[in-house]
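J.: Spelled out, the chains give:
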Amino acid sequence: MTQPAISVRNVSKRFGETLVLKDINLEVPRGQVSCLIGPSGSGKSTLLRCMAFLEEASAGMIEIEGEPLGFSEKDGKRRRQTPGELRKTRSKIGMVFQQFNLWPHMTALGNVSMALRRVRRLSRKEAEERAMAQLVKVGLEARAGHYPSQLSGGQQQRVAIARALALEPTIMLFDEPTSALDPELTGEVLNVMRALASEGMTMVVVTHEIGFAASVGNNVCFLDHGQLLFHDTPETVFAAPRHPRLEQFLDTYLDRGAQMLR
Amino acid sequence: MTWTLFELLLQASLMTIFVSVTSIFLGLAFAIGLSAMRMSGAAPLVWFARIFISFFRGVPLLVQLLLIFNLLPAIGLSLSSLTTALIGLSLCTAAYQAENLRGGFEGVPRGLIESAEMAGLSPVQSFIWIRTPIALRLTFPALVNEAILILKSSSLVSVVGLIELTKMAQNLAASTYMPLPIFASAGLIYLAINWIVAIAGRRAEIALPGLPAK
Chain A
21 MTQPAISVRN
31 VSKRFGETLV
41 LKDINLEVPR
51 GQVSCLIGPS
61 GSGKSTLLRC
71 MAFLEEASAG
81 MIEIEGEPLG
91 FSEKDGKRRR
101 QTPGELRKTR
111 SKIGMVFQQF
121 NLWPHMTALG
131 NVSMALRRVR
141 RLSRKEAEER
151 AMAQLVKVGL
161 EARAGHYPSQ
171 LSGGQQQRVA
181 IARALALEPT
191 IMLFDEPTSA
201 LDPELTGEVL
211 NVMRALASEG
221 MTMVVVTHEI
231 GFAASVGNNV
241 CFLDHGQLLF
251 HDTPETVFAA
261 PRHPRLEQFL
271 DTYLDRGAQM
281 LR
Chain B
31 MTWTLFELLL
41 QASLMTIFVS
51 VTSIFLGLAF
61 AIGLSAMRMS
71 GAAPLVWFAR
81 IFISFFRGVP
91 LLVQLLLIFN
101 LLPAIGLSLS
111 SLTTALIGLS
121 LCTAAYQAEN
131 LRGGFEGVPR
141 GLIESAEMAG
151 LSPVQSFIWI
161 RTPIALRLTF
171 PALVNEAILI
181 LKSSSLVSVV
191 GLIELTKMAQ
201 NLAASTYMPL
211 PIFASAGLIY
221 LAINWIVAIA
231 GRRAEIALPG
241 LPAK
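Listed in order, the protein sequences are those of chains A and B.
Position 200, counted from 1, in the first sequence is what the numbering used here calls 220; the numbers after and before it change by one each time, with no gaps.
Position 18, counted from 1, in the second sequence is what the numbering used here calls 48; the numbers after and before it change by one each time, with no gaps.
Don't take each hint at face value.
Only part of the chain A face toward chain B is listed, based on derived beta-carbon distances under 8 Å [to be verified]:
{"#": "1", "residue": "Arg110"}
{"#": "2", "residue": "Phe117"}
{"#": "3", "residue": "Asn121"}
{"#": "4", "residue": "His125"}
{"#": "5", "residue": "Ile191"}
{"#": "6", "residue": "Ala200"}
{"#": "7", "residue": "Leu216"}
No lab work stands behind these hints, which were simulated from the structure alone.
We put the CB at the ideal spot given by N, CA and C, even for glycine.
Full structure from sequences and hints, please.
T.: Set out below in structure tokens:
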């Protein structure tokens, strides 16, 4: 078996007294789209943030392509990695946030070329050329000179995707990438993600877009109360008979949609 | 009140402007340094910044200027009155600006720092390229306010012998026995300068691109 892109072993996360992740074990295969679904507060975003070491797991290990992330294990003891070690492992990961988190004082091109210039130390010209290529990819070359405040939410999120892609990660993490968007703008972001999936990018997506999970996902992981209840292909997960907890989740999900029509 | 007298006042106001502008920018640079120290997490730096800020905010500028003016020669450093004035004003405004900036740095959304971290920026790079520019934009109105305060406070540097607008007005009033028109003119010149600063500040605020969404 080939090495997984991300392997999560016995990961638990505690915020004070509350256990938000309970002994999670998960392997994210390369070149596939894995969707994390589940009700609010189920821990899916926390799990994703642990995969980027934006949250530190209280116990357990996470490996990115076989390299430990954030902590190293030696003689059964966890040791915090140096900032340099962490940055090296993290460089394989691109992250897209719910709130886009574009830097407001830079143009779209500035946002995408920033790390190419300051971290990769490319010349301004080369960094901007590469950044522009990424903006072309997300269909926003015409908006290169715009500031985030001059862009729609969907455009901002596409710039954020271009910014992450510019650093040529092998894994892309998406934390509810469409949750802050109007339904009308959701489609353009999902289309970019679909194109990325078809290129074979390894993606982990926390999402409420069940349709996206079912149609684009290769794996669907269902979390509830900090536990990974099951994960499987969407065909298996969504086919009847469904897991009772998933059934309940989908019911409330559909209810919400129905209430809007009343 | 003759044109010649008014011209002398205008010339002296150039010194007021020079001292104020230089102090504001020197003070801003110090203030960013103080903020970096305070956020560094290294106890000696944090304490240095705290003590510095509480001293220069807590002691009147006039007393600070007299202290510097008398202290430095006592330890064998003889500085011109211009240098003394610049040191006094810029250290004082640095303390105030550091406090203003504190609010700005706290106002930088956590997510923007996380996205910098994920882009591979080191904490120092993140401070230089992300946090400081955003904090400066957030606190820009306070910076303009501080510039106006410093322009007015610069009248105090006359005690170290620098001939700026207020000192010149005092000298002219003493030699011509016409204090009223002379101090009225000096007041009007201060008002005009600050009016320009306020308008320019507002213009710049509008032109500054992109503040983080509230």
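J.: Under 8 Å is the threshold here; is the Cβ of A/Phe117 close enough to any Cβ of chain B for the hint to stand?
T.: Since the shortest Cβ distance to chain B is 6 Å, the answer is holds.
J.: If you take the shortest Cβ to Cβ gap from A/Ala200 to chain B, is it below 8 Å?
T.: Violated: closest Cβ of chain B sits about 10 Å from A/Ala200, beyond 8 Å.
J.: Going by Cβ atoms only, is A/Arg110 closer than 8 Å to chain B?
T.: holds (7 Å)
J.: Minimum Cβ distance from A/His125 to chain B below 8 Å?
T.: Result: holds, 5 Å to nearest chain B Cβ.
J.: For the hint on A/Asn121, does the least C-beta distance to chain B fall short of 8 Å?
T.: Holds - the Cβ of A/Asn121 comes within 8 Å of chain B, reaching about 4 Å at its closest.
J.: Min Cβ distance, A/Leu216 to chain B: is it shorter than 8 Å?
T.: violated (17 Å)
J.: Given A/Ile191 as an interface hint, is the shortest Cβ-Cβ distance to chain B below 8 Å?
T.: violated (12 Å)
The structure shown violates the earlier hints numbered 5, 6 and 7.
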